[in-house]
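Q: Construct the entire structure; sequences and hints are all you get.
Once you know that position 54 of the sequence shown is 140 in the working numbering, the rest is easy, because the numbers rise by one and skip nothing.
It is worth saying that the hints were derived from the structure and are not from the lab. None of these values were measured; they are calculated from a predicted model. Take the hints with a grain of salt, since some may be wrong.
Unchecked claim - Simulated restraints on C-beta separations:
{"hint": "1", "residue 1": "Gln203", "residue 2": "Arg171", "range": "37 to 47 Å"}
{"hint": "2", "residue 1": "Thr140", "residue 2": "Val215", "range": "21 to 31 Å"}
{"hint": "3", "residue 1": "Val219", "residue 2": "Leu124", "range": "19 to 29 Å"}
{"hint": "4", "residue 1": "Val224", "residue 2": "Ala118", "range": "27 to 37 Å"}
{"hint": "5", "residue 1": "Arg204", "residue 2": "Phe137", "range": "21 to 31 Å"}
Beta carbons: idealized from backbone N, C-alpha and C, even for Gly.
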Amino acid sequence: MTLPAGRPSVHLSANPLFSGISAAALDTLDTATSWVVLAGGAIAGTLDIVFAFTFAGMHGASPLRVLQFIASGLLGNDSFGYGWRSGALGAVCHYTILTVATSLYLIVSRRFSALAQRPFICGPMYGVVIYMVMNFIVVPLSAVQSHGHTLEGVI
Numbered sequence: 087m088t089l090p091a092g093r094p095s096v097h098l099s100a101n102p103l104f105s106g107i108s109a110a111a112l113d114t115l116d117t118a119t120s121w122v123v124l125a126g127g128a129i130a131g132t133l134d135i136v137f138a139f140t141f142a143g144m145h146g147a148s149p150l151r152v153l154q155f156i157a158s159g160l161l162g163n164d165s166f167g168y169g170w171r172s173g174a175l176g177a178v179c180h181y182t183i184l185t186v187a188t189s190l191y192l193i194v195s196r197r198f199s200a201l202a203q204r205p206f207i208c209g210p211m212y213g214v215v216i217y218m219v220m221n222f223i224v225v226p227l228s229a230v231q232s233h234g235h236t237l238e239g240v241i
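A: Encoded structure:
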């Protein structure tokens with residue numbers, strides 16, 4: 087891929103984190119694509135956190151408590167004693183996770199064109215996959231003190 091002069095790029099194929107993904111799928115992300123990924127992460131993160139704030143608020147929890155719960159994935163129960171600092175950490179974690187999820191969707195969509203051609207079908211299905219991965223793999227492996235989810239409770 088040839089970029090216009092002066093346009094910085096990020097070569098993901100040089101990153102060992104992406105070593106198992108073909109060079110064609112990774113190609114080169116230009117600045118415009120990076121902005122799309124950041125915007126997608128911001129939109130997905132905002133929609134998700136607004137839902138979480140609303141749902142938790144209906145059960146008596148404040149937005150700060152929701153963000154502290156997210157941070158408790160790293161800090162454990164101590165997160166609830168750090169006030170707005172752990173809330174800020176929770177917000178950074180939340181938006182980072184959603185931006186990584188957006189990046190993965192973009193990378194996979196380069197290999198499987200249906201993801202790009204049918205975003206209103208594949209996007210929500212991807213959201214369900216992200217939900218399952220977060221709740222059945224990531225959260226149980228984190229420091230969160232959670233009651234856990236069951237597949238029956240999700241369905």
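Q: Can the suggested window of 27 to 37 Å be confirmed for the beta-carbon pair valine 224 and alanine 118?
A: Given a distance of about 30 Å, which is inside 27 to 37 Å, the answer is holds.
Q: Quick check: does the Cβ-Cβ distance between valine 219 and leucine 124 fall within 19 to 29 Å?
A: At roughly 21 Å between Cβ atoms, leucine 124 and valine 219 fall inside 19 to 29 Å, so the hint holds.
Q: Falls inside 21 to 31 Å, the C-beta gap from threonine 140 to valine 215?
A: holds (23 Å)
Q: Could you see if the CB distance from glutamine 203 to arginine 171 stays within 37 to 47 Å?
A: About 43 Å separates the Cβ atoms of glutamine 203 and arginine 171, which means 37 to 47 Å holds.
Q: Between arginine 204 and phenylalanine 137, is the Cβ distance one that fits in 21 to 31 Å?
A: Given range 21 to 31 Å: holds, Cβ gap about 23 Å.
Every hint, counting from the list given before, is met by this structure.
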